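For reference, the chains in residue letters:
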Amino acid sequence: MAKIRKVLVANRGEIALRVMRTCKELGISTVAVFSEADRSALFVRCADEAYCVGPAASRESYLRQDVILDVAKRSGADAIHPGYGFLSENASFVRACEKAGVTFIGPPASAMDAMGEKTRARANMIKAGVPVVPGTDALSSVDEARAFAQKVDFPVMLKAAGGGGGKGMRKVEDPKEFDSAWRSAKSEAMGAFGNDAVYIEKFLDKPHHVEIQVFGDTHGNVIHLNERECSAQRRHQKVVEETPSPILTPKMRAEMGEVAVRAARAVNYVGAGTVEFLVDSARKFYFLEMNTRLQVEHPVTEWVTGVDLVRWQIQIAEGAKLPLLQAPTPNGHSIEVRVYAEDPAQNFMPSPGRITALHTPSGPNIRDDSGVYAGYEVPRFYDPMISKLSVWAPTRAEAIERMKRALSEYMVKGITTNVRYLSAIMDNPEFRGGDYDTGFLPRQHQALLGRENEHLTELSVIAAAVYAHTQDEKRKAALPAAAASTAPSRWRSFSVAGRRT
Amino acid sequence: MAKIRKVLVANRGEIALRVMRTCKELGISTVAVFSEADRSALFVRCADEAYCVGPAASRESYLRQDVILDVAKRSGADAIHPGYGFLSENASFVRACEKAGVTFIGPPASAMDAMGEKTRARANMIKAGVPVVPGTDALSSVDEARAFAQKVDFPVMLKAAGGGGGKGMRKVEDPKEFDSAWRSAKSEAMGAFGNDAVYIEKFLDKPHHVEIQVFGDTHGNVIHLNERECSAQRRHQKVVEETPSPILTPKMRAEMGEVAVRAARAVNYVGAGTVEFLVDSARKFYFLEMNTRLQVEHPVTEWVTGVDLVRWQIQIAEGAKLPLLQAPTPNGHSIEVRVYAEDPAQNFMPSPGRITALHTPSGPNIRDDSGVYAGYEVPRFYDPMISKLSVWAPTRAEAIERMKRALSEYMVKGITTNVRYLSAIMDNPEFRGGDYDTGFLPRQHQALLGRENEHLTELSVIAAAVYAHTQDEKRKAALPAAAASTAPSRWRSFSVAGRRT
Amino acid sequence: MGTVRYHAKLPGQKAHAPVDVQPRGGGRYAVTYNGKTREVDALGLEQGTLSLLVDGQSLSAEFEQGNELLAVLLRGQVTKLDIVNDRQLRMRAASASFAAEGKQLLTAPMPGKVVKLLAKVGDEVQAGQGLVVVEAMKMENELKATRAGRVTEIHVQEGQAVENNAKLVAVE
Amino acid sequence: MGTVRYHAKLPGQKAHAPVDVQPRGGGRYAVTYNGKTREVDALGLEQGTLSLLVDGQSLSAEFEQGNELLAVLLRGQVTKLDIVNDRQLRMRAASASFAAEGKQLLTAPMPGKVVKLLAKVGDEVQAGQGLVVVEAMKMENELKATRAGRVTEIHVQEGQAVENNAKLVAVE
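Chains as they are written, first to last, in my numbering: chain V, 5 to 505; chain G, 5 to 505; chain L, 10 to 181; chain F, 10 to 181.
Hint data in this document are derived by calculation from the structure and do not stem from the laboratory. Among the hints, erroneous ones may be present.
[Stated by the list, open to error] 30 Å max Cα-Cα, derived DSSO-like pairs, lysine-lysine:
hint, chain 1, residue 1, chain 2, residue 2
1, G, Lys-480, F, Lys-89
2, V, Lys-180, V, Lys-210
3, L, Lys-153, V, Lys-190
4, G, Lys-255, G, Lys-131
5, G, Lys-210, F, Lys-112
6, V, Lys-190, L, Lys-18
7, F, Lys-122, G, Lys-175
8, G, Lys-180, F, Lys-122
Only a predicted model underlies this, so the values are computations on that prediction, with no experimental measurement involved.
Model the full structure from these sequences, guided by the hints.
So, in structure tokens, the structure goes:
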């Protein structure tokens, strides 16, 4: 295949920026597509070209295959990178790209067909001899669904057949919650993937979510790049990811890697993909699903392997062979946290709005993949993740301390974020112990909201009084006839000196 | 020795912050000392405690041993990290710390004595069988100096005996310039090190500046951590550093490493140090000097070895053994550039002032060690370096592209910086070729100032016209009786909407 | 320069406690709170940011003024408090009104879209029962009654976009 | 909405060239320059920042207004230019004055301290000869005469701190 010269990134936010960064390093031009709600977004400003593809609602913009392909044609893009979410696991889009003569940077439609629909993937994996979690196909009625749930016994998981990322996913522990969970899972699945099919899986005992990064090329080579531990989840969305997994032995890593490669081979996989497993308390592992795209949490793999996964995606789309033919031994340890615009104390309620000030961490082995900037208004229409912060260190213990340090430097004003909650995770004994299952965050919820430090509260009162005083002095100084009883304040001279006060 | 609990950082700017970051990760409290000119500096805000030690002039603040030791005592600091410059190579300060019962994080005074005075170091190295550049001891009169220069023939280098970092250093090519260079070198040396002794070295043919990072512990172990190539210099200050050096073979690396370890052993070295060599066009290498402290450019070594050098410094000061007993094989490639507040087109004239806006690069394998923030006024009293930007990649070619990408994201407003000049270095064929000597930057000066891109100029005119129009509209909108001939502008609604316009 | 008295009330506290601020020039203050007097050196940076040195401790303090409370961000902890000067405290006392009792008004906790109403006017509802589902940022959030009672007002329709703090449902 | 004419002069150009800006609403403009008309979509972000889409090209443009010229930072290139509207151009023409010829006034290129004067009033100097040494940020910078002539004014003393653009030495 020919060298790619110009890539249209059919996505938004941090992942659009992430892809563009590698394109820039490869000398490839970038085309952004954006919804009306994203006109001011950072990824629009960083692209070489940018075109509006419709209103805020994804279905009218980021999911409009026709409009996006039209932009590709108009701009002369020879390839499309879909990021994650949106059209990234949409086989019909892959076929449309092919028809339009544009390279889709991702797996072939056939592999997506085989893996994209979660229930079909289960069937394919069973055929390939890969262990799977007990469960159903997509179910047509709530009664049928309830009946299965009662048969395998609660708790069960409801899952969207059409996509991943926690959208349309519900854990149901109590039969009484079943109907309401069924309804909202279907509705969310429709909103996120345009497909409201939902299926059921038995919920395993204290499961760990461990996934294997795989990569295939067009020459029939498939390798894995080790695992990521993703058990720290809230509302079925990942919050913290790390590699290596603290619970994996080298033997398990090799076994799971081998199974993941087998799964990918079974569908003739090409490009970057992730095979997700659940690992139960007996350390048996079960195929959960395959994500046929780049994963949000890919930076931790990049840290410990030294591989730029987006670069590989592009080179493989150009027809190159995989640069490695076996998994590299993990070098050190990496942790990623997702910074969300949300309030952990309010059931993780999203908190869109204007970021009035922003300070991101820096220094040794810190990486901030952000899609925002000071002055930017986080729109209400999309995922509340504003940044992914990742660190590397020689050992897990050092990586945790580094992450704590990095989070202590993270300052976002104007909206509520989960930064302090993330910091509490780093301090939590269960997390530090390493054996935390997917029930970890719900179980520790109260502890993770943190306790008040009385010394800091006292200092905050003092700080507030000094601040109130400086504000009062500024107000006085601004009045034509200021109360003359107070001596001139230095605060006034600051504003005169040109500080934005 | 006991565990260190609280570290006073006797330095400012990015290096103070760098040291504090590792302290924080180790659970060690930090104490900042600052001059009156640095009250608003980032390192003051990031320290756990901070104390003013005097007026702006270094001699009255950062070089005041008594005041700094008094702060250490008052704050209960059990150790002092000197950073680089200031008191970092001052043996009398090491002795004063010892007397005060405070651990100095650095080599013993004896090693500093042996290496700190550059002329004594030469003598010691000759004794230890280490090859040195032809040169003199410190010289007492300009006549004696001129006589030596005429004997070994021009060009020669004038160098401060009391310190490094390019301060008090002058290359003299023309005998007519000798007296003026002598005068200014002495004056600068006095200002920077409180010692105006200057000596002369023969200037080698097309020399490369290659240095070896060494580390010793209190148990008699000394290792090296490979080299750094630092030949890209302007006004005898390093601008770009990288590792591995593009001109080193594994055999040379082993030989130079062995000589560097021998040099360090000869003075019973403990802690982090750097043995600087000149490598001539025949690839023979000569000892230049030893910097008995952490080097500005240490991040590139951290990238390719995975070692946190500041962590090692602290642990060795606590009495720990070196965690490695031989040089690790370099993993990949790292490049650092120094972002200076200066104008390359005006002979690198410093450009202090207020930073009105700042956007620093991010994404995979980027590290920004900065001491500034948006709104900060870069003071006129100190070194103009505002940040060190470093990158890692598997290969040198990829590292160069990554650095270009990172620099393209670097945006500083309010002051002039060398960001574009740095970017031009990354594009320069001589740099990309890898065999660039210390004459590289002066030789390529005009080329590095860059040529105008006419297409960008045209777009800039268009942007300027639109900007002028929006400004005019804002002005009209702000007037009570706005010219009614123009329709209401959307710019007005932006300010109403709360954007800081 | 004379001492200026402020009054601080932390969440959970019944009354305001005095904080005395005595300016000493050059950005220095003596601040007395809880019976302790501390030396404070304060430097104003960006809007809403102070660099403070409190008895040598360095604190970068960020402030955000909410509708009622001032949020202070200090070393990762957010403390929301009411802080007023003498005059403001007197005005507050004068205009104190009695909040309507017994009525729970559910408001939108963030901007979003109402995707489902789970009750209608006249319904008896239990504490914890879902009243309305609001979608924001691709997640559905079920908002629940915090008390048992009867639904007396519904201010929105399904499909309607709502702003932050918009009235949704009242339960009495 | 009518077209508004601006006038741009780049360094090295003798005269201003017209740039026509035609607002089309919603932040869109048609801009004509050098005989080409381009579609521009402009969004104002922070003070002095525009996000521009020019015929699809995305440009994050930063502006800094200097004493005389506007600096535009675009994709790493800084372009300094004079940009004025019709009224400003007319005023400029009216107040045009003839710059004093023949005198070179050396001013401080940055704030710093005069560490050495290398000439005194009445000295004959050559082009390139050092006149004064200014220290800033720990580096000494020798400022040189750009023309040969006689030193007629010295405005500073050794050891004196100087602001940016302070007058130092005149050569005629």
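Self-check item: Restraint check for Lys-190(V) with Lys-18(L), where alpha carbons must lie at most 30 Å apart
Solution: Distance ~46 Å between Lys-190(V) and Lys-18(L) Cα, so the pair is violated.
Quiz item: Does the structure keep Lys-480(G) and Lys-89(F) at a Cα separation of 30 Å or less?
Solution: Holds. Lys-480(G) to Lys-89(F) sits at ~25 Å (cutoff 30 Å).
Practice problem: Please work out if Lys-180(G) and Lys-122(F) have their alpha carbons no farther apart than 30 Å. | Solution: holds, 26 Å
Quiz prompt | 30 Å limit on alpha-carbon distance, applied to hinted pair Lys-255(G) and Lys-131(G) | solution = holds, 24 Å
Quiz prompt | Lys-210(G) paired with Lys-112(F) [C-alpha distance capped at 30 Å] | solution = violated, 42 Å
Quiz item: Regarding the pair Lys-122(F) and Lys-175(G), is the alpha-carbon distance no greater than 30 Å?
Solution: holds, 24 Å
Quiz item: Quick one, are Lys-153(L) and Lys-190(V) close enough, alpha carbons at most 30 Å?
Solution: Given that 30 Å is the threshold and the Cα spacing comes to 21 Å, the pair holds.
Exercise. Could you grab the alpha-carbon distance between Lys-180(V) and Lys-210(V) and see if it respects the 30 Å cut-off?
Key: holds, 22 Å
Taken one by one, the earlier hints fail for this structure at numbers 5, 6, listed in ascending order.
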